[in-house]
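Throw the hints in and build the complete structure from the sequences for me.
Residue numbers (the numbering used here), protein chains in the order written: chain E, 1 to 414; chain H, 1 to 304; chain P, 1 to 348.
There could be a bad hint or two in this list.
Said to hold, decoys possible - What the simulated footprint calls covered on chain P by chain E, stretch by stretch (three residues with Cβ under 8 Å from a Cβ of chain E suffice, anywhere in the stretch; the number is not a length):
1) 27-39
2) 158-165
3) 239-246
4) 253-264
5) 296-308
Stated by the list, open to error - Under 10 Å between C-beta atoms, here's a sample of chain P residues computed to sit facing chain H:
6) 47
7) 131
8) 134
9) 155
10) 269
11) 311
12) 313
13) 317
Unchecked claim - The calculated DSS-like cross-link candidates involving lysine-lysine, where the alpha carbons are at most 30 Å apart (straight line), are:
14) E:150 with P:92
15) H:98 with P:327
16) E:354 with P:172
17) P:172 with E:131
18) E:408 with E:209
19) E:208 with E:408
20) E:354 with P:92
Keep in mind that the hints were calculated from the coordinates and are not lab data.
Remember, predicted model here, so these are calculated numbers, not experimental data.
We treat Cβ as the ideally placed atom computed from N, Cα and C, and that holds for glycine.
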Amino acid sequence: MGIFKTVGISLAATGALLASGLVTASPAMAEECETITLGAAISLTGKYATNGVHAKNGYEYAFQKIKDNGGIMVAGKCYNFSAIYYDDESKGDRGATLAERLINQDNIQYMLGPYSSGLTKAIAPVTEQYKIPMVEAEGASRSLFNKGYKYLFAVLSTSEQYLASAITLAAEQAEKEGKDPKSVRVAIAVENDPFSLDIRAGVQEDAKKYGMQVILDEKLPRDLSDMSAILTKVKLLKPDVLIVSGHSKGAATAVRQIGEQGISVPMIAVTHCEAADVVGNFGDAANDILCSTQWAETLSYEDPIFGTAAEYEVGFKEAFPEYTDKTVPYQTAQASAAVYVFKDAFERAGTLDKEAVRDAISETDLATFYGQIRFSEAGNNIAKPMVLRQIQDGKYNVVAPSEFASHKLNWPRN
Amino acid sequence: MDQIIGNIGLLFEFPVVNLKIIIDGIMIGALFALSAYGLALVWGVMNVKNLAQGDFVIAGGYVAWSMANVGIHPFIGIPAAFVVMWGIGWLTYKLVIKRVIERDLFTSLLATFGLAIMFAQILNLMFGSDTQSIDLGYATLHLGPGGFIDVPISKLIGVVVALSLAFGVILFMKRSRMGQAIRATAQDARAARVLGIDTDKVYAFTFSLNSAICGAAGAIIVMAWVIQPFYGITYSVRAFVIVTAAGLGNLPGVIAAGLGIGALEQYGAHIFGIGYQQAIAVLLLLLVLFIRLLQQRRNRQVLQ
Amino acid sequence: MTVLRPVFYLALLAFIIAAPFLLPDFRTQLATLWLFIILAMTWDMTGGQMGYNSLGNILFYGAGMYIAAVVGISIVYDVGEYTNAFGGGTYKFTPTQYFIGMGLGLLLAGVLSAAIAWIMGYLLFQFRGPYFAIGTLGAAIAAGELVSNWEWVGGGQGIALPVYPGDFDVGKLFFYYLFAVMGVILFIFLRWFYTTRFAAAINAIRDDEEKAEAMGIHTLRYKLTTWAIAAFFVGIAGGISGYQLIHFEPLETAFQTINLGIFMVVCVLLGGKGTLWGPIIGAILFHVVKEVTWNYLLGWQWVALGALIVVTVVYFQDGLMGWLASKKPEWFGERVITKPDVAGEPAE
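Below, the structure is given as structure tokens:
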């Protein structure tokens with residue numbers, strides 16, 4: 001569950017002792033393969049700690065899988081990945097300092113991203129100025145991709161797409177019912193942080209496009225443990241769509257209290273359902289809630305290292321048994337995908353030169369278990385869609401967009 | 001601004017909302033009162049302002065949560081948290097608090113602040129930073145017109161347990177030998193010592209009792225709300241507001257103030273939005289401090 | 001001693017100037033060290049010298065950061081539009097705009113932070129002892145929460161400032177020297193300040209406020225002035241930090257109450273309260289230990305910090321300087337100054 005176990009496993013699995021600075025030797029296969037050391041500031045404490053650990057586990061799993069599959073072949077030589085991690089404490093100023101430290105003092109040439117848009121925003125200017133390629137997997141805010149960064153690449157879809165598809169779905173549903181999409185009323189409750197505010201912007205834009213009315217627009221505090229005040233208003237105002245985004249704690253609190261207060265809104269869409277394990281924790285209360293996801297293990301993506309999306313999930317659970325009773329969060333999958341992008345880029349570049357690697361990354365066109373990865377000029381992945389899953393009888397089933405949908409949408413909820 | 005006016009409008013348009021807000025507020029307020037209650041004891045008896053108060057609450061919650069994870073009923077978790085946190089409180093007293101009682105007050109404030117940081121982080125390392133809660137699976141009562149007022153039975157049980165615990169402690173303080181010794185020490189520690197009361201023992205008991213009460217409060221919170229390693233400060237701030245408002249040595253007053261502040265905060269969250277919840281709590285603290293100050297000024301005293 | 005002192009200061013100054021070239025990889029960490037020194041020295045003005053332990057000085061740091069950023073942006077663009085444009089649009093600053101904006105921003109950050117301290121002080125200095133600590137802590141938390149709900153300055157998104165125009169390494173040196181110059185000015189100022197009658201008055205407030213008042217010292221005015229001076233420097237330091245960090249968030253970076261807000265107190269306690277050198281030595285000690293060990297503890301660092309606070313406060317409250325003073329009073333003990341005009345001359 002906690003960091004104790006996680007650290008224990010990663011120590012055993014990949015010799016991440018390196019990370020704790022006690023040992024600087026390479027892992028077991030050192031005599032055959034050399035090591036490429038990546039650097040990452042990751043949130044192990046503070047408000048993003050839950051997902052920071054998910055991301056770190058994703059990195060570690062990818063290192064192990066790549067090693068098991070023969071490592072990285074660069075110009076006929078074999079390499080393995082390892083990483084130096086520091087705890088950024090979920091704070092931007094700390095993250096920026098640590099990025100400098102990794103680059104200057106630990107001589108890191110290639111970076112993996114931190115967790116959250118806010119941290120990525122703080123670190124990206126540093127990596128950019130040192131011309132260090134950073135492939136990140138957890139910073140989705142659009143504001144990362146309008147600054148002209150050349151060394152920043154993101155494998156995930158940008159955050160305005162997270163729940164915007166729920167708005168589209170609501171509009172479709174309204175039309176099916178013979179109603180004007182304009183009549184749909186939207187309630188938004190998002191955390192006051194860069195990621196969730198970007199989601200809010202995406203939802204607002206799409207709602208505007210359909211002429212929908214936003215009747216409730218609230219921000220969740222950092223230490224959220226009770227949102228009954230918002231849900232009371234939801235009860236009074238009876239919106240048609242309720243959007244909640246607040247990382248794991250937002251999802252947990254919302255789902256619990258939606259169940260307790262008997263909130264019946266036809267459509268409820270939430271982020272971070274899997275990361276908060278809402279099904280395991282709250283059972284029936286989670287039913288028919290829509291969850292946005294970057295990736296789902298039921299999708300038909302595949303690659304030679306991780307296998308299919310489903311195989312990734314099985315393999316990951318074997319490596320990290322604490323996830324056994326949960327759905328593997330997409331935060332983990334995309335972290336692994338970011339490592340895979342590095343492997344692919346190193347092999348295509350045929351050299352360890354960071355400029356050549358950057359150019360190789362920018363030309364990535366890679367089919368992975370996580371989906372297709374191809375970067376725009378700005379560095380975001382434009383080849384992979386977001387999907388929306390609905391919790392149906394405790395199972396996450398893809399319901400949108402229609403070309404990926406495996407199940408029909410249950411509507412209205414309750 | 002429009003939103004604020006709209007929110008106030010809702011209160012008048014649907015009067016039943018007021019009742020719902022007050023009930024929600026009283027339910028969380030009962031838990032605030034419980035943790036404040038321990039603080040009032042420690043503050044009044046040994047003049048230690050414990051900033052780690054909220055972290056004791058959260059730690060108690062994790063005790064109950066881990067027991068529920070191995071299949072022990074959460075109701076047993078409440079006394080268990082009480083006992084475990086008693087021990088931790090006693091240890092904390094022996095290691096740290098004992099040495100700061102005689103020192104100036106900033107010392108105890110800063111020392112307990114350090115403790116708060118340690119506690120939060122140790123909990124994070126042990127249990128991870130996920131929000132956790134125990135789902136009792138009880139139904140929710142729907143009362144009022146159209147069943148608008150929902151009272152989850154788990155919360156109701158929590159409030160009842162919290163209040164009975166509070167009254168139990170009041171009785172204990174009034175009736176038992178130890179309770180009398182505690183009150184005597186609070187009034188005049190030196191005189192108590194002269195009369196043969198082992199004040200060190202009284203202090204140790206008081207601090208352990210405080211920690212145990214907080215632990216029980218946490219065990220209730222994890223059943224009816226959610227906990228997370230870093231949520232301690234929420235309860236610490238509330239405890240300070242309540243004790244400052246109610247004054248020391250006024251235990252029924254602490255309970256009343258706790259319920260009142262719970263309700264006030266829910267009103268604040270309704271009118272200004274939940275994003276202002278923490279701001280409202282600390283502004284209330286400042287406000288209460290000033291009101292106290294003005295009262296003291298009338299008696300030509302300074303607040304210290 | 002008298003001959004050695006100027007030599008010592010000159011050598012120190014030379015080291016300060018040369019440091020970023022001697023340790024080129026540590027430039028940002030050295031700049032942060034200066035920030036710690038500035039925060040510790042200013043905290044000691046009220047905490048150590050005046051007996052008012054503030055837990056909320058971080059408020060001026062956050063306020064300064066926001067004021068400097070908003071001023072810097074507002075001379076070119078509309079602030080509301082700028083902060084709301086996170087979804088698109090690019091805003092460019094010419095080097096002239098950047099430096100004028102920053103200069104003006106830093107100046108106003110200092111002045112307005114001092115004004116905030118003065119106004120808040122009227123209320124908060126009514127409290128004594130731990131109530132002052134709780135009151136200031138509350139004010140800082142409230143300020144952070146309110147700013148994070150203020151959309152005009154970006155709300156929870158924070159503000160992304162323009163990057164230093166020109167060479168990246170020059171930019172790092174620029175911020176280092178900006179902090180260093182400020183730190184040196186603050187040191188020279190305090191070295192003089194603590195010899196004045198004014199400082200004697202605030203020491204009297206610390207030792208016994210009632211008696212000081214009875215002697216005719218207008219205590220409130222002294223308290224307000226001291227806090228405002230401290231806030232002036234903290235505000236500027238916050239402003240510089242904002243420009244150095246480029247992107248900052250309200251709660252986690254600007255008004256970081258339980259991080260930097262408490263670190264500065266720990267620095268002073270480590271080094272020794274109420275001395276000129278104590279806060280500096282404490283800040284160096286704290287920062288170096290933190291940078292050396294912190295990153296390798298991966299989560300445990302907060303436990304270590306909590307333990308450090310507890311141990312310092314409980315067992316070691318006089319700090320390093322206090323410990324030295326009791327061990328070697330002939331070297332580090334209190335100097336009794338006979339004539340306040342002849343600063344620093346020990347009485348024989």
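Status of the hints after comparison with the structure:
1. Coverage of a stretch by a chain is defined here by at least three residues with a beta carbon nearer than 8 Å to that chain's beta carbons; for the segment 27-39 of chain P and chain E the count is 3, and the condition holds.
2. Beta-carbon proximity to chain E at under 8 Å applies to 3 residues in the segment 158-165 of chain P; the threshold of 3 is reached and the given coverage holds.
3. For the segment 239-246 of chain P, the assignment as covered by chain E holds, since 3 residues bring a beta-carbon within under 8 Å of that chain's beta-carbons and 3 suffice.
4. Interface restraint, the segment 253-264 of chain P with chain E: holds (3 residues with C-beta to C-beta distance below 8 Å; minimum three).
5. For the segment 296-308 of chain P, the stated coverage by chain E holds: 6 residues have a C-beta nearer than 8 Å to a C-beta of that chain, and at least 3 were required.
6. For residue 47 (chain P), the interface hint holds, since its Cβ comes within 10 Å of a Cβ in chain H; the closest pair sits about 9 Å apart.
7. Look at residue 131 (chain P): its Cβ gets to within about 5 Å of chain H, closer than 10 Å, so that hint holds up.
8. Taken as an interface hint, residue 134 (chain P) checks out: its beta carbon lies about 6 Å from the nearest beta carbon of chain H, inside 10 Å.
9. Taken as an interface hint, residue 155 (chain P) checks out: its beta carbon lies about 9 Å from the nearest beta carbon of chain H, inside 10 Å.
10. At its closest, the beta carbon of residue 269 (chain P) sits 8 Å from a beta carbon of chain H; the interface hint therefore holds under the 10 Å criterion.
11. A least Cβ separation of about 8 Å between residue 311 (chain P) and chain H falls short of the 10 Å threshold, and the interface hint therefore holds.
12. With a least beta-carbon distance of about 5 Å to chain H, the hint placing residue 313 (chain P) at the interface is held under the 10 Å criterion.
13. Using the Cβ-Cβ criterion of 10 Å, the hint placing residue 317 (chain P) at the interface with chain H is satisfied: the shortest such distance is roughly 7 Å.
14. Note on residue 150 (chain E) and residue 92 (chain P): the hinted pairing holds, with a Cα-Cα distance of about 17 Å set against a maximum of 30 Å.
15. At roughly 26 Å between alpha-carbon atoms, residue 98 (chain H) and residue 327 (chain P) fall within 30 Å of each other, so this suggested pair holds.
16. Proposed proximity of residue 354 (chain E) and residue 172 (chain P) is supported: the alpha carbons are some 23 Å apart, at most 30 Å.
17. Simply put, residue 172 (chain P) and residue 131 (chain E) have alpha-carbon atoms about 16 Å apart, close enough for the 30 Å limit, and the pair holds.
18. Among the hinted pairs, residue 408 (chain E) with residue 209 (chain E) is consistent with the structure: their alpha-carbon atoms are about 25 Å apart, no more than 30 Å.
19. Taking the CA atoms of residue 208 (chain E) and residue 408 (chain E), the gap is about 26 Å. The hint holds against a cut of 30 Å.
20. For the proposed pair residue 354 (chain E) and residue 92 (chain P), the alpha carbon gap of about 28 Å is at most 30 Å, so the pair holds.
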